[in-house]
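Residues per chain, in single letters:
There are 2 protein chains.
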Amino acid sequence: MKFSPVVQELIDALKCLPGVGAKSAQRMAFHLLERNRKGGAKLAHSLEKAMTEIGHCQECRNFTEFDLCEICQSPKRKLSTNLCIVESPGDVIAIEQTGEFTGKYFVLMGHLSPIDGIGPNDLGLDILAKQFASGQFEEVILATNPTVEGEATAHYIAELANEYSISMSRIAHGVPVGGELEYVDGNTLSHALSGRKQYSL
Amino acid sequence: MKFSPVVQELIDALKCLPGVGAKSAQRMAFHLLERNRKGGAKLAHSLEKAMTEIGHCQECRNFTEFDLCEICQSPKRKLSTNLCIVESPGDVIAIEQTGEFTGKYFVLMGHLSPIDGIGPNDLGLDILAKQFASGQFEEVILATNPTVEGEATAHYIAELANEYSISMSRIAHGVPVGGELEYVDGNTLSHALSGRKQYSL
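Sequence lines, in order, name chains A and B. Going by the UniProt record's numbering, the residue at position 135 of the first sequence is 135; the numbering climbs one at a time, nothing skipped. Going by the UniProt record's numbering, the residue at position 144 of the second sequence is 144; the numbering climbs one at a time, nothing skipped.
Source of the hints: derived by calculation from the structure; they are not laboratory data. Honestly, I wouldn't trust all of these hints.
Copies of one chain are not kept apart here, so a pair can be met inside one copy or by any two copies together.
What the hints assert, rightly or not - Capping the alpha-carbon separation at 25 angstroms, the derived lysine-lysine pairs in DSS-like fashion look like this:
no.	residue 1	residue 2
1	K15	K38
2	K76	K2
3	K49	K23
4	K2	K78
5	K49	K2
6	K49	K38
Note that the structure is predicted; figures quoted are calculated from it, not measured.
All chains, full assembly: derive it from the sequences and hints.
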């Protein structure tokens, strides 16, 4: 005995969400059917719209339903000579929320990973090379994640930027603000020590 | 700065799922957009279909897209004199998987909860009373959850069944098979003791 075909189909379809297995999918399906049919219908509509309409920004590769994303459309940013390279759209939001950066972005949508068959062209590095060649940018900030793959990707892009004599920087690695030295891993701590700054009174 | 309107709409819509907050919704949206557009489109379709087509079985109140669910349609079950009363469709599946019960079900879709405004009629107890009156059933198995609300609901239904002189039983409470006495709570253990059975060699 199984659920009725349409209920079972919904449960199976919900399992395509990351981190959702059979039990969670069942719970979600029952929640929507029992208590939130309106929300479920709205989700169906939003999903359909997003899956068909959303593409990539032609300049920075971020998700957008337009040709250019909001940031690339902004007249102020258009003139910026700084380019910040990140792995995912979530990273753009995180950096925007600090309010520290007012230049342009380039979203790789992943990192170099030969084992998964992800090479330079899958990350749009051909588009990036053209932007370097245009001569608009004076500084490239490498803000990929501080993981092995992120570092390798940063190194690859740094070599590319070097060909066009663009100055490069990497975001600082160190102890997180509010963290405790005791619980920070050794690798981070050695980065924090080697990257130490003069203390000025 | 926010995500583009359509992306933001998708993230907000995903938050209607139980246990999904802002961060999980963002992760789900990006996963579908980057890696599984086909799955996302299928989910949209399944959701829309389920939200419009699925109703309740006229006899047992379980979810189904037909007038009667698969169990209530079965000719064998139609003649059964046993009725098992459970709180949710998931409970029906759980009991069916044991293979121990071959009677009919009645799904309450919740439990009595005056504080949330859920009274007898919200659980379809008026429909249940009619089924009791029809004289089909000889035994009612009260299989609501062993929680305070579940017990109260079982008690209420037992009084109802008593009016029609139908024999009633409650599922056994005790130590779960494979569990360890040391880690079982006191309430369960006292149930296990008071419900002890003669040991026959």
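(message) Please sort K49 with K38 into within, between, both or neither, judging by C-alpha distance up to 25 angstroms.
(response) both (17 angstroms within a copy, 13 angstroms between copies)
(request) Have a look at K49 and K23 and pick one of within, between, both or neither, based on CA distance no larger than 25 angstroms. (result) So K49 and K23 pass the 25 angstroms test across copies only (21 angstroms; inside, 27 angstroms).
(message) At most 25 angstroms between alpha carbons: which applies to K76 and K2, within, between, both or neither?
(response) Cα proximity of K76 and K2: across copies only (17 angstroms, versus 58 angstroms in one copy).
(request) Measure nothing new, just compare the shortest in-copy and cross-copy C-alpha distances for K49 and K2 to 25 angstroms and report within, between, both or neither. (result) For K49 and K2, the Cα distance is within 25 angstroms only across copies (18 angstroms; inside one copy 31 angstroms).
(request) Measure nothing new, just compare the shortest in-copy and cross-copy C-alpha distances for K15 and K38 to 25 angstroms and report within, between, both or neither. (result) both (21 angstroms within a copy, 13 angstroms between copies)
(request) Give the relationship of K2 and K78 under a CA distance limit of 25 angstroms: within one copy only, between copies only, both, or neither. (result) between (57 angstroms within a copy, 18 angstroms between copies)
Checked against the numbered hints given earlier, the structure satisfies every one of them.
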